[in-house]
Each structure stands twice: as C-alpha cells, then as structure tokens.
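Engineer: Next come the chains, spelled out residue by residue.
Protein chains: 2
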Amino acid sequence: MKADTKGRILYEGAKIVHLMGYHKTGIQEILRAADIPKGSFYFYFKSKEDFGLQLISYYIEKILARGETFLEQKEFSPIQRLRNHFNWLIYQSERQEFKGGCPIGNLSQELGDINEVFREKLDEAFSKLKHLISRFIKEAQAEGEISAELGVMETADLVFSCFQGALIQMKVAKNAHSLDIFDRMLTRII
Amino acid sequence: MKADTKGRILYEGAKIVHLMGYHKTGIQEILRAADIPKGSFYFYFKSKEDFGLQLISYYIEKILARGETFLEQKEFSPIQRLRNHFNWLIYQSERQEFKGGCPIGNLSQELGDINEVFREKLDEAFSKLKHLISRFIKEAQAEGEISAELGVMETADLVFSCFQGALIQMKVAKNAHSLDIFDRMLTRII
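Going down the list, the sequences are from chains A and B.
Letter by letter, the first sequence follows residues 1 to 190 in the working numbering.
Letter by letter, the second sequence follows residues 1 to 190 in the working numbering.
Just so you know, the hints here were simulated from the structure itself, not pulled from any lab data.
These figures come from a predicted structure and were not determined experimentally.
Treat the hints with care, since some could be wrong.
Pairs involving identical chains hold if they fit within one copy or between any two copies, as the list cannot separate such chains.
[Said to hold, decoys possible] Heads up, simulated DSSO-like pairs for lysine-lysine below, C-alpha to C-alpha not over 27 Å straight-line:
| no. | residue 1 | residue 2 |
| --- | --- | --- |
| 1 | 62 | 130 |
| 2 | 38 | 138 |
| 3 | 62 | 174 |
| 4 | 46 | 15 |
| 5 | 130 | 99 |
| 6 | 174 | 48 |
| 7 | 48 | 62 |
| 8 | 24 | 62 |
| 9 | 74 | 62 |
| 10 | 6 | 48 |
| 11 | 62 | 6 |
| 12 | 48 | 24 |
| 13 | 74 | 138 |
| 14 | 24 | 99 |
| 15 | 128 | 74 |
| 16 | 48 | 74 |
| 17 | 128 | 99 |
| 18 | 15 | 38 |
| 19 | 24 | 174 |
With the hints as extra help, turn the sequences into a complete structure.
Structural biologist: Given below as structure tokens:
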C-alpha cells in the first residue's frame, strides 16, 4: 500500500509538472490530485526538490521501459523500430492536444541554469535517452540497414536534438507539423 | 532620450528574462537593472505581459538583423553563410558560459501551454526564424550548392528543430558538445 501511495504521488505529480512546470506546481496541488495528506508526501519525499529529482527518474524509467519494448519488436527493421518509438511519443503528445512536450526537456529549460543538482540529474537523464536511441542505431548497423561508418553516439545526439526541437515547435504551433517532418526526414540524418 | 529609455528597459530586461525565465523575473529587477523608476516602465509597457510580448519582437529583430548580415557575406557559399550564422549564435552561448540558450525557445517551453497570447506571438517568432534559415537554403539551391529537389521549408524546419534541441542539451551539459555535432552534421541534413 505504501508503494502504491508513492506511485500515485509520482503519477499525479508527473502530470501536473508536465503541464505547469516545476516552479508553478505547488505541493498542495499534488496532494489534492493524489488525494493524500501532507504527511504522506513528506514520508516519501524530503522536500519539493527531492520530489522533483525522483520525478526525473520516474519519467526516464517510463520512457526507457517503453523504448525497450520497441527495441524488441524484431518484426520491424531497427530504423523502423526507432520510428515506432518516436511515433509512440508523438502519439502521446497528440493525445494531450500538443501540450506538455518532453518533460525532461521542459525541466532542462526551466532549471538547467539555476539549480546545479537538477542540472546534473537532467544531464544524466539526457544521456540515458540518447543511449536508448544509440541502441537502435547500433542494431541498424549490425543488420546492415545503415552505414557502419556512421558515428553512433554523434548520430544519436543529433537525432535527439531534432526531436527535442520539434517538440518545442509543437508546443507553440499546437500541431504535429514539425514532428511529422522529423519523422519523415529521420532517414536523412541516419 | 525616451527611445533610449525604452531600449534600455528591453536591453536589460532581455538579459534577465533570458537567464531567469519570464515568471521568475520581477519588474523590480528590471527597474533596478535599467536604473529607471516604475512610472517609466509603465509609460512604455502597459503590463508585464505587454513587456514580455515586446521583448519577443526585440529578440527576433536582433537575430534577424544579424542573420541578414551573414546572408550578405557573398565571399562564402550559402551553406557556409548559414553555418557562420549558427556559429555566431553558438559563440554567444559560449560567451555566456552555456547559459540561457534560445530566448524564444525558453519562452515557448515556459508559456506555450499556459498563455494563448504568448503562444501566438512565439509561433510567429518561430516562423520568422525558420524563414530566415529558408533564405540561406534557397540561395544554396539557386547557386547549385545543394539539390534543388529539397523541400526548402521542411528542411528549414528540421534544421531549426536540431538547433533548438542542441541548445537545450547545451543548457544541461554546460558545454558545446551537441552544438558542435549540429554544426558538423548540418550538411547531412541539407
């Protein structure tokens, strides 16, 4: 039951922070959404900052777990698997009416310059997401789908940049135009 | 003198909002930095929101004016001119110790989902920046430097996404690693 409470706080908190940002989210709002008393929150989290840091791990674990399932879909070519992964992320954004964008990207914009503890945690989170992308690219090379000459980590970095930027564009355009361009042009990068 | 005062408010305000974000910037801080009384601020700006919206135009005009000078440097090929433009932006970021990133991208993350007036203004700002990039690409096509088959606006969109994403990465990595990859791999996209 205790584990469920913590999970519920993270689940509800994740939705609020995703849309409102870290600073604009009050602990009271999280308590209300998760339907728990204040003491419960502080049982699991030392502070709002501690909550924010654990939230980053929560977001990352969710994305990596989903990425893992796409990596395993051997009925598709590795590059198609990578596109399936991005298309799942794009679909999530569409379902949210193009709000939110990347929770890690948002927190990076908001906290990257002003909180060193968050900055380090976010840098680590970005590395994990890029490592996930690199695994699709490596498989594509192993199966001869793309050139073995391509620098795997550099390419993963560029693909990640493109996707992050397309998500920012989505947030102000409120449509999937830039994400669709990213999807269609992905093979030009890889 | 009046024009100077407004310019100074925008100049000082731009620096603060760039690093702190819109919500965390208080009018008091801007008054202090620009060394003006409160009445002066409200003579030029109806509200903090009005200031924020005019600030977006201020940022855009600065970037477009600089872009124009790079477009005119006919001693370089069009793609090299585009790289020079990005390298100027990267150099600005290095000088700021990799803080700040893109002021328009930051405001998009912060306000794109919660303020419709800002969202529209930012969408328009993104369009102007992408139009600037498209002009370099069109010249490159006209001079035969790149394929005439390439969809100009789509390519500009993708290049813009990549650069925006690389700037987010810069903010958490506090180095130019992803920006350097963007610069080196730009020709793969175009």
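Engineer: A separate judgement is required for each hint: does it hold in the structure or not?
Structural biologist: Status of each hint after checking the structure:
no., hint, result
1, 62 x 130, "within (15 Å within a copy, 33 Å between copies)"
2, 38 x 138, "neither (47 Å within a copy, 58 Å between copies)"
3, 62 x 174, "both (24 Å within a copy, 26 Å between copies)"
4, 46 x 15, "within (20 Å within a copy, 34 Å between copies)"
5, 130 x 99, "both (23 Å within a copy, 21 Å between copies)"
6, 174 x 48, "between (30 Å within a copy, 24 Å between copies)"
7, 48 x 62, "within (21 Å within a copy, 38 Å between copies)"
8, 24 x 62, "within (23 Å within a copy, 30 Å between copies)"
9, 74 x 62, "within (21 Å within a copy, 50 Å between copies)"
10, 6 x 48, "within (14 Å within a copy, 39 Å between copies)"
11, 62 x 6, "within (15 Å within a copy, 47 Å between copies)"
12, 48 x 24, "both (12 Å within a copy, 17 Å between copies)"
13, 74 x 138, "within (14 Å within a copy, 41 Å between copies)"
14, 24 x 99, "both (16 Å within a copy, 21 Å between copies)"
15, 128 x 74, "within (22 Å within a copy, 42 Å between copies)"
16, 48 x 74, "neither (42 Å within a copy, 54 Å between copies)"
17, 128 x 99, "both (23 Å within a copy, 22 Å between copies)"
18, 15 x 38, "within (19 Å within a copy, 38 Å between copies)"
19, 24 x 174, "both (21 Å within a copy, 25 Å between copies)"
Checked against the numbered hints listed earlier, the structure breaks hints 2, 16; every other hint is satisfied.
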